[in-house]
Each structure stands twice: as C-alpha cells, then as structure tokens.
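Trainee: Protein chains in written order, with our numbering: chain A, 1136 to 1384; chain B, 315 to 520; chain C, 81 to 307.
Derived by calculation from the structure, the hints in this document are not laboratory data. Accuracy of the hints is not assured; some may be wrong.
What the hints assert, rightly or not - The calculated lysine-lysine pairs, modelled on DSBU-like cross-linking and capped at a C-alpha distance of 30 Å, are:
{"no.": "1", "chain 1": "C", "residue 1": "K95", "chain 2": "B", "residue 2": "K444"}
{"no.": "2", "chain 1": "B", "residue 1": "K426", "chain 2": "C", "residue 2": "K95"}
{"no.": "3", "chain 1": "B", "residue 1": "K383", "chain 2": "B", "residue 2": "K435"}
{"no.": "4", "chain 1": "B", "residue 1": "K426", "chain 2": "B", "residue 2": "K451"}
{"no.": "5", "chain 1": "B", "residue 1": "K337", "chain 2": "C", "residue 2": "K95"}
{"no.": "6", "chain 1": "C", "residue 1": "K95", "chain 2": "B", "residue 2": "K383"}
{"no.": "7", "chain 1": "B", "residue 1": "K435", "chain 2": "B", "residue 2": "K451"}
{"no.": "8", "chain 1": "B", "residue 1": "K426", "chain 2": "B", "residue 2": "K444"}
{"no.": "9", "chain 1": "C", "residue 1": "K95", "chain 2": "B", "residue 2": "K451"}
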Amino acid sequence: MNWSKYSAPQAFYPLAGRLIPWFAVVAVALMGVGLYMGFFVAPTDFQQGESYRIIFVHVPAAWMSMFLYVVMAIWAGVGMGLNARLSFMMAQAIAPTGAMFTFLALLTGAMWGKPTWGAWWVWDARLTSELILLFQYAGVMLLRTSIDDMRRADRSSAVFSLVGVVNVPIIYFSVQWWNTLHQGASVSMSTGSKMAATMLMAMLIMTVAFWLYSIAVVLARVRCIVVERDSLPVWDEKPAVSQEVAEVR
Amino acid sequence: MLQAVGLSCRRGERRLFSDLNVKVEPGTLLAVVGENGSGKTSLLRIFSSLLPPEEGSVLWDGQDIHQLKELYAGQLTYLGHLNGIKDDLTPLENLMSATSLAGEPCSNNGAKEALEAIGLKRPIHHLPSKVLSQGQKRRVTLARLWLSTRPLWLLDEPFTSLDAASTSVVTQRLLAHVQRGGLAVLVTHQEVALPAERLQHLRLAG
Amino acid sequence: MNRSSMWEAVSGIIKRDLLLAMRRRSDAAMSVFFLVIVASLFPLGVGPEPAVLRTIGPGVLWVAALLACLLSLSRVFTADYVDGALEQMVLVPQPLAVLVAGKVFAHWLISGLPVVLLSPLLGLQFGLDGDPLGVLALSLLLGTPTLSMIGAIGAALVLGVRGSGLLVALLVLPLYVPVLIFGAGAVTGSMAGVGGEANLSLLGASLVLSLFLAPWATAAAIRIALE
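With the rest of the complex left out, here is chain A:
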C-alpha cells in the first residue's frame, strides 16, 4: 500500500471517513470500561476517600493535553519543512482538542482540589503549568483566526507552536521551581497513595480511550477543514481558468 498518496488532502478525505467510526467506537467502549473500573472496581483511597476517583479522568486528560501539544508542534514542523498542506491541517485540527483536554484537566483538578485542599484553585505546580498550557493553546488558535491569508495563518501558527513546544518544559520546570520556593500545596495527586494495580489499569485504559477519541475527532475535523478550504475556487486540480496567462511580446 502506498501511504504517500494519502498525503494529498483529497485522497486523505475518504480514508479518514472510513477510519473515524472504528476509532470512535473503540474509544467509547474503552471509556466505558475505564470509567467503570475507576469508579466501581478500584478500591477506595484510605487518605482521600472517594474524591480521588476523579484522577481517572484528570491524569489521562493532563497527559493528553501535553502530548497533543507536542504532536501539534510536530505536524507544524513537518508542514514547515515539507511545505505539506495536510500537515498544517492536522496541526490546525489538533489545537481545539488539545485545548479541550487542558480545560478538562483544569476542571477536574479544581473538582479534586475542593474536597482535598478546601479550595477550588490552589497554585499547585501542575495546575499552574496546565493553565499556562491552556494560554498557549489559546494563542495558537487566536493567531490562526486573526490571519485571513490561509498560507500565512498556517505558517505563523506553526512557528508559534514550535516556539511554544520549546517553552513548555521550561515553563514546567520554572513553575516547579517557583512552587518549591513558595511551599505550595503539600498533597499532590500522584503521590497521594501507592497505586493499586486496578487503579493503574483503569488509568491506562482511559488514556488509550482518550487517545483514540482524539484521533477520531481530529480526523473528523481535518475532513471539515479539507471541505472548507477545498470549496475555495482556486483549489482544484485543473487550472481554474483557461486563459492565456503570459504572453511574451
């Protein structure tokens, strides 16, 4: 099978259409299994009671939020390097899903924080990093929507994604550093207790489910982007107008 032919958006479009249902179905099934294990099978935590169970959503969402940012930056880099339209479309399609997972991680973090720390928001190092990551996702998306010219929008947001991906680890480190200086929250989610095998299993299943969900949603979004850009009059294979374009006198 020659995969390179799918790098053309038109060839990719039907392939994506065929793949989406499979990813979606498996994602939903795994999510069901993971949530069941997390909420009903996994043992109650002796320190934090039942409230810890939100980590089965929180931790996978936080992982995905960072992972997707890196994937987005990789697509952006590939797009810049190879000047490939589909890569830019992938980067564009990933941003909203990544932002959604970042937001989900923040939301579930707050839900966990209230019973644990007694406050909806604590300047915990991880939560703060997630918040800044959300700002960066917002930056990528806002930059894209502010630029009318599609080519420039693609390339500018690609540059910003790449700058961001260099910055994310630095930000993470600096926030950790800041947190130790200011002696932030002492209870941290992953160190709360030793993890039972079922807990780890449930978390991994949820991560895989989120992964497949992201693929399905991103593919669907890329299809929309292809249609959106494709409908522009210029972008078809035959010359748009059969005119004599240049004549040398």
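Using the hints provided, position chains B and C relative to the given structure of chain A.
Mentor: What follows is chains B and C alone, placed relative to chain A:
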C-alpha cells in the same frame, strides 16, 4: 541570467498566473506590464525571493534562488513600491543607511553625488525626509541605483510620481546599467525608452 | 560574505535605529513613564502598609517592567514593515537572524535599558533597600533582554494582523512566565537572605537560550509576514 521556469502564483483565493516561463539575458531589461491586480508586483517579489512561488522556480545562472539564499541577495538591488524612507532621517542619512545595510556602503560624498545625479540639490540633503514631496522621496530611493554595482536590478514602478526630467534621468541610468551587461526587471505602466534590442516585454493578463 | 561585512550591516542597523530614537526621544521615554505609573498605582490600590509593599514589591516591579517591555514591542518592526525598510532588511546578503538580533538589541537599548536603570529608584518606593535593590537591577539587566528577544517573535508574527496589539500580548505573556519567576524570585530570595544567585544564573541561562533560538524564530516569522 535570470530565468523563470513554470512559475505559478496565487494570492489568497485568486490564481494570478500559472506556468510562466521567461528569460532575462545579461544586457537586457524585462518590462513587466499588465493591468492592476494581474500579478506584476507578485512576480517581482518572486524574482526577489521574498515570495516563494506556488509552483516552479526562479534560476539565477542556472541555480535555484532559494538554494542560493544570501548569495543571490548579494547579486541584486530590489526597490519595491514602498520607499523604505524614514521620515525622521535626512535624505543623505536614508541613502547611506540603506546602502550600508545592503552591504555596499558609500562615502558621504558618494551619497551626495548620487542624490545630485537624480536631481536632488544639496540644500535638500539635510532636511528631514518628512518635508519632501512624494516624488522627491521616490528619488531618494532611486538614488541607490547610482551606488549599486549589483548585476540584477528589480524595480517596482520606478517612475511613479517622477516628473519627465527625472524619468529620463532614470532611464539613462537603466540604459547604462544594461550596456554594462547588467540585467533589470521593471514593473511599469509606462513605456521604457530603451533601444528595442535591449528591451523585452512580458504582459500579464488579469 | 565575510564576517566584517556582516558586522557592518548589523552595526548599521543599530546605528540607524539609535539615530531614529534620538530624533524621537518621546518614544524612548514612554516605556519608562509607563513603568513609573504602573508601579505607583499599586501602593494606591493595595495601601501604604510598608510590610505589604515590601512583600509584593519584587513581583509588582517585575510585572510592571515586563508590561513596559511588552508595550514597546509593537514598535520593533511595525514602522519598518509599513515603510518597506523591513523588505530591504530581508534582502540583505547576510543571515536575517543576525540582523534581527541587532535590531532587537537596539530596541532593548532604547526601551529596556532605561527600565533597568530606573528600577532601583522604584524599588525604594516599595521599601526595598541594600542588596535587594542591586539584585533587582541585576535581575532586570539579565531578564529584560530575554523579554525583548522572546517578544520580538510575537511582534514579528502579528505584523500587519488586525488587533495585533492585544494579540501580541496574548501570545507573548505565557512565554514570559519563566523569566518572571526567576526574576522576581531572585529579588525575593535576596530579601529573605537566601541570596538570588540560583535565580540569577537561571535568568542568565534563559538569556543565552533566547539569544540562540529567538532570532531564528523571529526571522522565520518576518519572512512569513512579508510573503
């Protein structure tokens, strides 16, 4: 030799031209003509390497200009439709900073002579450029042609807002350039008064 | 192209920008005035309690300096973009990233350095004295060039984009977080008596990293903006 091979260009949603082939030999000038919006300026920007073509390539002595990069920039003088003149600097300062940035620094006297050659008298040299007229500013920009030793000149509407006398001075300068074996590409609405054997036209259809 | 002609082009840019700043001194004065005004607003909002002011001082001064740098950023490339000088800069037979670094350096001399020089005076307003004042100035001396370098990327990305003033803030502020943490941390550390060395070295490391990476990203962004 400057050569365009199978160039096509799209701006936003409009395809401006496609599969454009043209050759500019040393000692000749290519005048790009056509209606507004036909892609003349885009073509010049593609030649300058500012704008990558959608398809095709531009070759300088047989090599792709996007591979030559800075080497190609060292071959050309590009004057766009914007003057790049700072209102707060004098014509003399503007000219000297532009040439030193381009890597062809000139002496104070050299700059003054260039300005005089294009008809800007000495008292004007030390006024802030904001008091100059549009045509005078254009002339400050064009004075660079008297200081340029680069083989390839790319000029976007050089005659805009110039009077008849200045137009003919600039034309004389262009003639001297091509007679020395230089190349030039001009985007223009006006006829260029050069001998026919040195002049080639490219008409872009809108 | 040899090294000396590269240096000539870079120093040419720096000289021209400094000359322009001399002709328009009000531009350079603006970011300093902004810093003074913002720093003076906080005691008015928080109250004149010396203990409170001492606590928030490092953070407030650093945030104010950061905002001052941010506001002046929109001027780095905009004028050149509008009048066509930026096109000429891209078509110079020298690496664009090096020219960009020169231009950002000139911009820092005009709008960043005055902020550094004025900061000890503002520190007095917040009840800082002795060592912390010196550390404040030193941290800004190391930090503000980094802010200019990172900010230039944002400024180049939004050239000619509508609503660019606000957009550049949204893009750049998250990237400023580490510098803010290290900078304010250095001052706080020296006030607490643990010294600011660790934070200052991190600031230095950030500066080196930004000097190496940011000009390339800025150059790429400029090329994209000019297409």
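Trainee: With reference to the structure, classify each hint as holding or not holding.
Mentor: Now for the hints, and whether the structure bears them out:
For the given pair, K95 (chain C) sits about 20 Å from K444 (chain B) by alpha-carbon distance, which is consistent with the 30 Å threshold. Under the criterion of a C-alpha separation no larger than 30 Å, the hint pairing K426 (chain B) with K95 (chain C) is consistent with the structure, at around 20 Å. Restraint check: the Cα-Cα separation between K383 (chain B) and K435 (chain B) comes to about 37 Å, which exceeds 30 Å; the hinted pair is violated. For a cut-off of 30 Å, the pair hint linking K426 (chain B) to K451 (chain B) stands: about 15 Å separates their Cα positions.
A distance of roughly 40 Å separates the Cα atoms of K337 (chain B) and K95 (chain C); the hinted pair therefore is violated under the 30 Å criterion. Distance restraint check for K95 (chain C) and K383 (chain B): the Cα-Cα separation of roughly 26 Å lies within the 30 Å cut-off, and the hinted pair is therefore satisfied. Between K435 (chain B) and K451 (chain B) the alpha-carbon distance is near 13 Å, which keeps this suggested pair within the 30 Å criterion. For the proposed pair K426 (chain B) and K444 (chain B), the alpha carbon gap of about 19 Å is at most 30 Å, so the pair holds.
The hinted pair formed by K95 (chain C) and K451 (chain B) meets the criterion: a straight-line CA distance of about 22 Å does not exceed 30 Å.
Of the numbered hints listed earlier, those contradicted by the structure are 3 and 5.
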